[in-house]
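Engineer: Keeping the supplied structure of chain A fixed, place chain B upon it in accordance with the hints.
Protein chains in written order, with the working numbering: chain A, 20 to 138; chain B, 22 to 596.
The set of hints was computed from the structure by calculation and includes no laboratory data.
Just to be clear, a hint being listed does not mean it is correct.
[As the list claims (entries may be wrong)] Only pairs whose alpha carbons sit at most 27 Å apart, straight line, appear in this in silico BS3-like list of lysine-lysine:
| no. | chain 1 | residue 1 | chain 2 | residue 2 |
| --- | --- | --- | --- | --- |
| 1 | A | 132 | B | 479 |
| 2 | A | 109 | B | 300 |
| 3 | B | 330 | B | 300 |
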Amino acid sequence: MNKKIAVVDDDEGILEAFDVLLSEKGYQVQSSSNAKILFDFTKDTLPDLIVLDVLLSGVDGRDICRKLKSQEETKNIPIIMISAHPGAGKTMKEVGADDFIPKPFEIDELFNKIEKYTS
Amino acid sequence: MNIKHISAKLNGYPHSLTSEKSSHDQQFVELLAERKKMQEQLERLALSHQAAQIESFEWNIQKNQVFSSPEEKALKEIKGKRSFKTFDAWMKTVYPLDRERVKNVLQSAIDSHAEFDCEFRVFWSDKSIHWVSSKGKVFYEKKGSPIKLLGINRNIDAQKKREQNSDFLSEASKIFSSSLDYQQTLESVANLAVPAIADWCNVDIIQNGKAQQVAIAHRNPKKAKFAKEFRKRYPIDVNEPTGIAEVLRTGEPRLYPYITDEMLVAAAKTKKQLQITRKIGLTSVMMAPIFSQKETIGVITFVTSETKKHYDQSDLQMAGELASRASSAIENARHYKEAQDAVRLRDDFISVASHELKTPVTSVKMFTQVLKKHSEKKNDRQALSYLSKMNRQLNKLTELIVDLLNVRKIQTGEMELHNALFKFEKPIKEAVEMLQQIYTKYTITVIGKSRCVIRGDKERIGQVVTNLISNAIKYSPSANEVKVYIGTKGKYARLSVKDFGIGISKEHLDKVFERFYRINDTITDKTFPGLGIGLYISYEIVRRHGGKLWVESEIGKGSTFHVAIPFEKRKRGKK
Chain A
20 MNKKIAVVDD DEGILEAFDV LLSEKGYQVQ SSSNAKILFD FTKDTLPDLI VLDVLLSGVD
80 GRDICRKLKS QEETKNIPII MISAHPGAGK TMKEVGADDF IPKPFEIDEL FNKIEKYTS
Chain B
22 MNIKHISAKL NGYPHSLTSE KSSHDQQFVE LLAERKKMQE QLERLALSHQ AAQIESFEWN
82 IQKNQVFSSP EEKALKEIKG KRSFKTFDAW MKTVYPLDRE RVKNVLQSAI DSHAEFDCEF
142 RVFWSDKSIH WVSSKGKVFY EKKGSPIKLL GINRNIDAQK KREQNSDFLS EASKIFSSSL
202 DYQQTLESVA NLAVPAIADW CNVDIIQNGK AQQVAIAHRN PKKAKFAKEF RKRYPIDVNE
262 PTGIAEVLRT GEPRLYPYIT DEMLVAAAKT KKQLQITRKI GLTSVMMAPI FSQKETIGVI
322 TFVTSETKKH YDQSDLQMAG ELASRASSAI ENARHYKEAQ DAVRLRDDFI SVASHELKTP
382 VTSVKMFTQV LKKHSEKKND RQALSYLSKM NRQLNKLTEL IVDLLNVRKI QTGEMELHNA
442 LFKFEKPIKE AVEMLQQIYT KYTITVIGKS RCVIRGDKER IGQVVTNLIS NAIKYSPSAN
502 EVKVYIGTKG KYARLSVKDF GIGISKEHLD KVFERFYRIN DTITDKTFPG LGIGLYISYE
562 IVRRHGGKLW VESEIGKGST FHVAIPFEKR KRGKK
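Bound conformation, chain A alone (with noise of 0.2 Å):
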């Protein structure tokens, strides 16, 4: 069965190219600006993995990201962080993020990550 992945980064360019890599890795993608679809899950469409963005419009990644792993339905998802900010990475561990990947990155390095935390 394909693997789920769940994608949110506030800028449309950045989610489009996702799609495509994703999809065409035989990833199946769900990407959205709205953070909100990270708690809109249901059983059936939990995610495998969470791609998201540390600087969202209006809110703080890194609070979603500690919120879903305190929740139980979410808390298990592996999530991989991503930013434009260098120092970002110093305080993903701190929020529970599983890992980080700074932007720009080369698509090998993220497709490295994935098949690490879907397996």
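Structural biologist: For chain B alone, coordinates are given in the frame of chain A:
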């Protein structure tokens, strides 16, 4: 002897009124005439002393009698008054805080046979306080005991006021120049004036067309609070003919030496306001304008109430001087604030800009790499080659963005360096490995070794090495090798990056580490791409590790960049 005759003689009546000529009468009459002459002279002297504000005095030490002046003494005797005070009685006319000092100076003058020279305050008969400069000389008996002290007292009120004003102004200048904070500067103006020259001081600045009270000081802090409230309730109308509004309009200082009740009535708009201003008890007011670029932007108001001092022209002049210095200080503070805001804005801009720039670069890079994979699959060599170039350019773009951000960080002191121990060789070897993979046309050779352990930021040092090697490659378009030497010299871990490229001419040599400096290849007249900040950042990083970065070069032959960083320890390994 007939009194009438004598008085006639004294008053210059003709001889005819006198009768007998007896030598006794003659002598006596002449004596009286002399005495009258002397009296007139004394009165004239007393008057001139009074005019010059000089008074001579005599202290008969042995008899404990102080005479305010011989002419005064003579006059008083003629009038039948007691002409002297005891020393203690005289001391009572000296201002209490000065008494001790005056006594000490007197005693020391007597003991050391030196001149007496002292400045102190005295009470006049109307209880007003005045400054006096007193100078005198002690006279002694043959056996050395002091007889009397003769001297001159001079009123130095005007001089003292000038001194105080001058001290006040230089104190003001000092305070003004110590802070570039706009608000602080204004507050310090008010606080300085009270209680030195006023009981109350306000600073009003025009903001949004209204006069806003931005600073206030009062001798009595409770009253300051009250004054603030008062202003809130009765704001200044800039159209008023007099007062602060007038000064704002005309840019001229104004003096109201005596505040009368009529003035209060005229200025008050409501009964309540009049009541309050009466309660405050204004004695004297002066206002001085504050300028900024030739425009009046505010007013400093000085008020006396409790001390009942009345301002005069010399006070107004000083107030004007104070306002002028305050204007400069405020101007400087304003400029500084604007500059700071601009810098902050710029720094935020760079921070935001570099973040924003990375976003589109990210999606473009993602699509480029997807296409790369496609062309790999389809075995489209051409497309693959083009897309690889595109990807490299995107990496360069990313580097430039990062450099931009790094420069800002270094400038604002935000660049945090890790503080950890690492092997000097490690970041060097990692950088060489990575760059060798990218720049396959060049051979990067590592020569030598170092067992040094450095305390600092391994990643940042790696950044420096990457920068030096990339530069070496960038500036060797016709060469194909770069040599990297590692070693130890004295207390330093040493690294040298040698290239065989275009080299650097003597005039550029010490400028290469400057921000934004880029070298021109004089032969091809091409400026090498890049923001020119790599070496600037590298220099700073090395410096912050306590080390040095420098270069040796010969034009046309190549360059060698040297790095020396003090090491914390050296591992002695087995061969």
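Engineer: If a hint holds in the structure, say so; if it doesn't, say that too.
Structural biologist: Going through the hints against the structure:
no. : hint               : verdict
1   : 132(A) with 479(B) : 24 Å, holds
2   : 109(A) with 300(B) : 65 Å, violated
3   : 330(B) with 300(B) : 17 Å, holds
Comparing the model with each earlier hint shows a violation of hint 2 alone; every other hint is respected.
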